[in-house]
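Asker: Sequence:
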Amino acid sequence: MEKFEFTEAALKEQLDRAEAAAILANTTEPRARSACYDRTSGNIVIHLKDGSTFMFPHHLGQGLANATPDDLAAVEVTPSGIGLHWETLDVDLTVPSLLRGIYGTKTWMEQLHQQQIVA
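Note that the numbering used here has the sequence shown beginning at 8, numbered continuously upward.
Keep in mind that the hints were calculated from the coordinates and are not lab data. Among these hints, one or two may not hold up.
[To be verified] Ranges of calculated distance between the beta carbons of each label pair, as one might list FRET restraints:
| hint | residue 1 | residue 2 | range |
| --- | --- | --- | --- |
| 1 | D99 | A28 | 16 to 26 Å |
| 2 | W115 | A17 | 37 to 47 Å |
| 3 | K19 | I124 | 49 to 59 Å |
[As the list claims (entries may be wrong)] Heads up, simulated EDC-like pairs for lysine to aspartate or glutamate below, C-alpha to C-alpha not over 20 Å straight-line:
| hint | residue 1 | residue 2 |
| --- | --- | --- |
| 4 | K10 | E20 |
| 5 | K113 | D97 |
| 6 | K113 | D99 |
| 7 | K56 | E36 |
| 8 | K56 | E83 |
From the three backbone atoms N, C-alpha and C, an ideal C-beta is built for every residue, glycine too.
Throw the hints in and build the complete structure from the sequences for me.
Answerer: Below is the structure:
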């Protein structure tokens, strides 16, 4: 395995590449502007930076099914806009995954699938 030599030039190059990747991701990947819990519908509502809105029934989100309305309403958008965070529930979900219909881990998704087959 080749040994990496740390130099100022190498560090600057890595930082420049990371910054370019972040700029590209911010312009091409979905990011949340805000999020809230709609107590009437029971949905988590995500307002995206491109002006569109996405919502999903809260019980689909891993760690959200048995949460109180007040806990669900305490949703925060991460500074990058890529994630949703519930501090009191210790739950984190990513916006790109939610938009693809992925509401938790592989095991969680298998459980949801089984519940939908039975229901």
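Asker: If a hint holds in the structure, say so; if it does not, say that too.
Answerer: Hint check:
no.	hint	in the structure
1	D99 to A28: 16 to 26 Å	holds, 21 Å
2	W115 to A17: 37 to 47 Å	holds, 40 Å
3	K19 to I124: 49 to 59 Å	holds, 54 Å
4	K10 to E20	holds, 17 Å
5	K113 to D97	holds, 18 Å
6	K113 to D99	holds, 15 Å
7	K56 to E36	holds, 10 Å
8	K56 to E83	holds, 15 Å
Consistency note: the structure conflicts with none of the earlier hints.
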